[in-house]
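*Asks:* Chains as they are written, first to last, in the UniProt record's numbering: chain A, 1 to 272; chain B, 1 to 232; chain C, 1 to 237.
Some chain A residues near chain B, calculated using beta-carbon distances under 8 Å:
hint	residue
1	E99
2	R103
3	F119
Simulated from the structure, these hints should not be mistaken for lab results.
Ideal Cβ positions, reconstructed from N, Cα and C, are used throughout, including at glycine.
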Amino acid sequence: MAELVKEMKQSITPKRGAKPIVEYKDVYKSFGEVEVLKGLNLDIFPGEKVALIGPSGSGKTTIIRMLMTLEQPTSGEIIVDGTDLWHMKKNGKTIPANEKHLREVRGDIGMVFQHFNLFPHMTILENCMTAPIQVKKESKETARERSVEMLEKVGLGDKLDNYPSQLSGGQKQRVAMARALVMRPKIMLFDEVTSALDPELVGEVLEVIRDIAEEGEMAMVLVTHEMDFALEIADRVIFLDDGVIAEQGSASEVLEESDNERLQQFLYRFRS
Amino acid sequence: MEFYFLYMGVIIINAIIEVFPVLMKGIHITITVFILSVIFGYLFAFIAGLCRLSNNIIIRSTTSFYVEIFRGTSLIVQLFWLYYAIPMLFNIGIDNRLMAGVLAISLNYGAYMSEIVRGSILAVDKGQTEASIALNLTRFQRMRLVVFPQALRMMLPEFGNYLIQMLKATSLVSLIGMTDILYHGNILRSTNLSMAPTVYLLLLVFYFIMALPLIFLTRKGEEISKRGVANG
Amino acid sequence: MNINWKWDMFFDAFPFILKGIGVTIGLTFACFLFALVFGFVWVILRRIKFKPINWLVTWTMEFIRSTPPLIQLFFIYYAWPMIPGIGVTLSSITCAILGLGIHFSTYIGEVYRSGIDSVDKGQWEASVALNYSTRQTWLKIILPQAIPPTIPMLGNYLIIMFKEVPLASTIGVVGILALAETYGAEHYRNLEAYTIVALIFLVLSYPSAILINKLERKMNRRFDKNAVMQESKGAVI
Numbered sequence: 001m002a003e004l005v006k007e008m009k010q011s012i013t014p015k016r017g018a019k020p021i022v023e024y025k026d027v028y029k030s031f032g033e034v035e036v037l038k039g040l041n042l043d044i045f046p047g048e049k050v051a052l053i054g055p056s057g058s059g060k061t062t063i064i065r066m067l068m069t070l071e072q073p074t075s076g077e078i079i080v081d082g083t084d085l086w087h088m089k090k091n092g093k094t095i096p097a098n099e100k101h102l103r104e105v106r107g108d109i110g111m112v113f114q115h116f117n118l119f120p121h122m123t124i125l126e127n128c129m130t131a132p133i134q135v136k137k138e139s140k141e142t143a144r145e146r147s148v149e150m151l152e153k154v155g156l157g158d159k160l161d162n163y164p165s166q167l168s169g170g171q172k173q174r175v176a177m178a179r180a181l182v183m184r185p186k187i188m189l190f191d192e193v194t195s196a197l198d199p200e201l202v203g204e205v206l207e208v209i210r211d212i213a214e215e216g217e218m219a220m221v222l223v224t225h226e227m228d229f230a231l232e233i234a235d236r237v238i239f240l241d242d243g244v245i246a247e248q249g250s251a252s253e254v255l256e257e258s259d260n261e262r263l264q265q266f267l268y269r270f271r272s
Numbered sequence: 001m002e003f004y005f006l007y008m009g010v011i012i013i014n015a016i017i018e019v020f021p022v023l024m025k026g027i028h029i030t031i032t033v034f035i036l037s038v039i040f041g042y043l044f045a046f047i048a049g050l051c052r053l054s055n056n057i058i059i060r061s062t063t064s065f066y067v068e069i070f071r072g073t074s075l076i077v078q079l080f081w082l083y084y085a086i087p088m089l090f091n092i093g094i095d096n097r098l099m100a101g102v103l104a105i106s107l108n109y110g111a112y113m114s115e116i117v118r119g120s121i122l123a124v125d126k127g128q129t130e131a132s133i134a135l136n137l138t139r140f141q142r143m144r145l146v147v148f149p150q151a152l153r154m155m156l157p158e159f160g161n162y163l164i165q166m167l168k169a170t171s172l173v174s175l176i177g178m179t180d181i182l183y184h185g186n187i188l189r190s191t192n193l194s195m196a197p198t199v200y201l202l203l204l205v206f207y208f209i210m211a212l213p214l215i216f217l218t219r220k221g222e223e224i225s226k227r228g229v230a231n232g
Numbered sequence: 001m002n003i004n005w006k007w008d009m010f011f012d013a014f015p016f017i018l019k020g021i022g023v024t025i026g027l028t029f030a031c032f033l034f035a036l037v038f039g040f041v042w043v044i045l046r047r048i049k050f051k052p053i054n055w056l057v058t059w060t061m062e063f064i065r066s067t068p069p070l071i072q073l074f075f076i077y078y079a080w081p082m083i084p085g086i087g088v089t090l091s092s093i094t095c096a097i098l099g100l101g102i103h104f105s106t107y108i109g110e111v112y113r114s115g116i117d118s119v120d121k122g123q124w125e126a127s128v129a130l131n132y133s134t135r136q137t138w139l140k141i142i143l144p145q146a147i148p149p150t151i152p153m154l155g156n157y158l159i160i161m162f163k164e165v166p167l168a169s170t171i172g173v174v175g176i177l178a179l180a181e182t183y184g185a186e187h188y189r190n191l192e193a194y195t196i197v198a199l200i201f202l203v204l205s206y207p208s209a210i211l212i213n214k215l216e217r218k219m220n221r222r223f224d225k226n227a228v229m230q231e232s233k234g235a236v237i
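With the hints as extra help, turn the sequences into a complete structure.
*Replies:* Below you can see the structure in the form of C-alpha cells.
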C-alpha cells in the first residue's frame, strides 16, 4: 500500500522544468537579535502542494508570512510570478516596494490563519463577499453568488447569515477557507490551520483542504503539524531546522526514508 | 414633620409657577451648547485619535501636544482663556460666547476621547489587519471596513460616559455670560434669595432629566460593546 | 496678525497669582480626603440588600454623578442656608469641600466597589472556612487585597479633582483662578493672568499624570507577579 501511494505521488510530482510561481532567493529574516531564516532558497511550482514542517521557531510560519507581505525579509528576494515582491524599479533604481506594488503582486496569494481571523462584525456571507466587491470590483450579485457557492462547498450553506461567534472552531476555519477561495488565488497559504482546533474538529477542516488539493490548480503551501495529512496530500515535504532547509523530498522520502538525525528526533516526538 | 411637608409644598408650587418658566427661557441655549459640543467633541476625538496613529511624526507630535495641553489644564480655565484671553492675544474683537463655550467643551472632551479612539483602534486584534491584507484590501479599506467598525464598538461605553460629562460641562457657559438655564436661575436667586432652594433643586432636576436618556444610552452602548467583542 | 503679549504683565502677575496656589492645592486634598471617606459610605449603603433602600441609594448616586458640580456648589452655598430648620450658613471653603467632595465620592465609591469585586470569591470562602468574623474578614482579608489595586485609579481622580477645584472660585474661594480674575479685572488684562493659571495647572498635573501612569504599570506588574506566584504555589501543593 505504501509503495502504491509513493508511486502515485511521484507520478504527480510537478514538472521541475516548469517555471516556478514563487522563488525565494537567499532570504534572511531576523527579529531583533534572533535570526530566524538564514539564507532560504526555495522554488514553488504552479499547482504544487508543499508541506513545511519543523520544530517551533524554525521559521516555517515566517516563510509564508513574508510571501503574504505580513513580514518583510531582512535581505534576499522573493519572486512571485516573475516579479520581485519586496522591491520595485523606479527610474532604473531598485527601491523598497510601496503599498501599491505589494498590492499588485500579492493579488494572486491567499492565506488561512491559525486563529481564523474572521471579521466578527460581519456575517459569514459578508466575510466572504467583502473582498471580491472591494478589491476585485465584482458586482454585489456576482460576489454573493460565488460566496454562497463556496460556502456550500465547505458545507456551510445553511449558516450564511450567522456571525462567526455563533460557529464552532472547525466551522470558522472552513469559512476562512471559503473567504480566501472566492478571491481565486493561484497560491494558497495555510498557517497551522488546525492547531487552534479541538481534536474532534480537525477532521472536517482537513477534509476541505483535501478537496481543494484534489482540484489541483492551486499551489498550496501548508505549515502543519499533521504529519499523516502532509504525507497524504503533499507533493513535497520540507523540513526546516535552524533557519535553513534541512531535508526535502516527496512525503515518503522525507517522513520515512531520511536519516537526518534532527528530523528523526522531530518525527519521534510527533509520532509518540 | 408637617412643617416640612408644607415647605416642600411651597417649593413645588413655587417651582411650577414662578421658577420653571424662567428657567425654560434658557433651555434652548443649554441644549444648543450641548449638541454642538457633542458633535465637535466627537469630531475632534476622531481626528486627534487617528492623527496620533499617523506615521508622520509631525502630525503625531502636534496632536499629542494638543491632547496633553487640554487634558493637563482645567475646563473652566480653558473656557476663560478662549473667551477672555484669545481675543486679546490676537487683538481681535470677536465676542462670540457660543463659539468660545462650544470650542472649550469640545476641545477639552475631544482630547480625552481621542485617547479612547486611539486605544480602541490599537486594541483591535492584529489578526484582523493581517486577514484583510491577505484579502488584498487597501490600507483605507482595511481601516474603514475592518478595524474601525470593531474599534467603534469598543468605544461606545466610554463615549456614553463622556456624553454625560459634556452635558454637565454645559453649565459652565453661564460663567462667560451665556443665558442658559443656570444663568436665568442665578438672576432669579440674586433678586430673591429665598427662592434659592427652589431654583437650584429645579436646575439639578432639569439636568438629571436631560441626563436620563444618556444614562440609558450608555447602558445600551455597554451591551452592544459586550456583544461586539465576541471572538471571530 | 500682530500678537499682543506683554512679558512685563506676565512677570508682574505671576507672584500675585501664585499666592493662591496653597488654597488651590489644599482644597484639592481636602476634597479628595472627604471623597475618600465618603466613598466608603456609599459602598456600605450599597451593600444594604433591602430593595427600596438599595434602589434609593443607587439612584441618589446616579443623580449626584450626572448633575453639574457647579450647580451642586451653588445649591450648598446659596440654597442650603435658606432651608428652614436644617439650613446653616457655611464658609465658601467648607461648601467647596462638601460640594466637590460629595460629587466625587460617588466616583470613588465605584472605584472601591470595583476593587472589592476584583477580590477572588475563594477569599470569602477561605475566611468562612477559617471561621473569621465578618469584621475580621473585611479588615484582614478583603480590604487589604481590594484597596491597593485601586490606588492608581484614585490617583487619577486626585488629578481630575485638582482640575475641578477652580469651580470653587464661583462661590468665592480665592485660589489661583480667582486671583487671576481679580488681577485681570484690575489691570484690564486677562491674557497673561489666565495663561499663568493654565501653565500652573499644566506644570502640576502633567508630571503627576505621568507619575500615576508609572505607578499603575508597576502595580500591574506586582499583582500579576503575585498571581503567578500563587498559581505556582498551588501547583506544588
